[in-house]
Amino acid sequence: MKNRLKVLRAERDWTQADLANALDVSRQTINAIEKGKFDPSLPLAFKAARLFDMPIESIFDDGQEQ
Amino acid sequence: MNKATVNNHDQRLKKGSRVLFFWTLLWMLSVAGLVFGPKLMWDFDHTATVITIVINLVLGIKMLLVNKQHLNDMDDMQQKIHYNAMAISLGCTMVLGIIYGSLKPAGLLEENPNPSNLLFVMGLSYLIAVFINFRKYL
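So the sequences go chain by chain: R and Y. Mind the numbering: the first sequence is residues 9 to 74 in the numbering used here, read in order. Mind the numbering: the second sequence is residues 8 to 145 in the numbering used here, read in order.
What the hints contain is simulated information worked out from the structure, not anything from laboratory work. Beta carbons are placed, not taken as given, at the ideal position from N, Cα and C, and that holds for glycine. Just to be clear, a hint being listed does not mean it is correct.
[Claimed, not checked] Just a few of them, taken from the derived set where beta-carbon distance is under 10 Å, the chain R residues facing chain Y:
(1) Val33
(2) Ser34
(3) Thr37
(4) Asp47
(5) Ser49
[Claimed, not checked] Which residues of chain Y face chain R? A partial, calculated answer using Cβ under 7 Å:
(6) Asn14
(7) His16
(8) Asp82
(9) Asp83
(10) Met84
(11) Tyr144
Chain R extracted, bound-state conformation (with noise of 0.2 Å):
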């Protein structure tokens, strides 16, 4: 899943730690979801959507055409 964690983060000059620590997880697991080696899970995916003040459609894309 394609994700604009790393853009978002770096708009607002944002490290991994700072948007680690205000979703409340490790360091390695915003590195991995910013890779698209691991996907959020959806309660994770909602605290970034509320945290970035976007709907989730615009933080996370599975690619899938509608």
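Since the structure of chain R is already known, use the hints to place chain Y on it.
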């Protein structure tokens, strides 16, 4: 955002690890008491042995509960890594356990299989699986 902020998740996990280590250590000491106590400390006194078994059981249950809490404190990815490792460990122990158990009837082993050897397989396969899974996500 404060860049010097300590990661609360990591801190919580470290504290959980310390608590788990403490209870695991206590449980292991009680196992040692159960294994060596009857012969070396209380000359096979049944009452002392039963008390040691009860203590061992209580400490074992506490250790399981602390371990469960520790797993709950992990984030999504860490939980996935450890749950995968548990599945692999369980599978390895089952497959190798059945082979190990059939060695004596097949005439390839003279002694009775020792169940504690399976704990070694379980622990080793769990550690290897955690290591491989962590590398997969790095």
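Against chain Y, run the beta carbon of Ser49/R and see if the smallest gap drops under 10 Å. 5 Å, holds
Does Ser34/R hold up as a contact with chain Y if the rule is Cβ-Cβ below 10 Å? This hint holds: Ser34/R lies near chain Y, its Cβ roughly 6 Å from the closest one there, short of 10 Å.
Hint status (Cβ of Asn14/Y to nearest Cβ of chain R, threshold 7 Å): 5 Å, holds
At a threshold of 10 Å, is the proposed contact between Asp47/R and chain Y supported by beta-carbon distances? For Asp47/R, the interface hint holds, since the closest Cβ of chain Y sits about 9 Å away, which is under 10 Å.
Interface restraint verdict for Tyr144/Y against chain R (beta-carbon cut-off 7 Å): Since the shortest Cβ distance to chain R is 4 Å, the answer is holds.
How about Val33/R: closest beta carbon in chain Y under 10 Å, or not? At 4 Å from the nearest chain Y Cβ, Val33/R passes the 10 Å test, so the hint holds.
Holds or violated: Asp83/Y as interface residue toward chain R, Cβ cutoff 7 Å? 5 Å, holds
Close enough to count: is the Cβ of Thr37/R nearer than 10 Å to one in chain Y? 4 Å, holds
So, Met84/Y near chain R? Judge it on the closest CB pair being under 7 Å. Because about 4 Å separates Met84/Y from the closest Cβ in chain R, which is inside the 7 Å limit, the hint holds.
Double-check His16/Y for me: the hint is only fine if its C-beta lies closer than 7 Å to a C-beta in chain R. Since the shortest Cβ distance to chain R is 5 Å, the answer is holds.
Restraint satisfaction for Asp82/Y [CB to CB of chain R, less than 7 Å]: 4 Å, holds
In summary, this structure violates none of the numbered hints.
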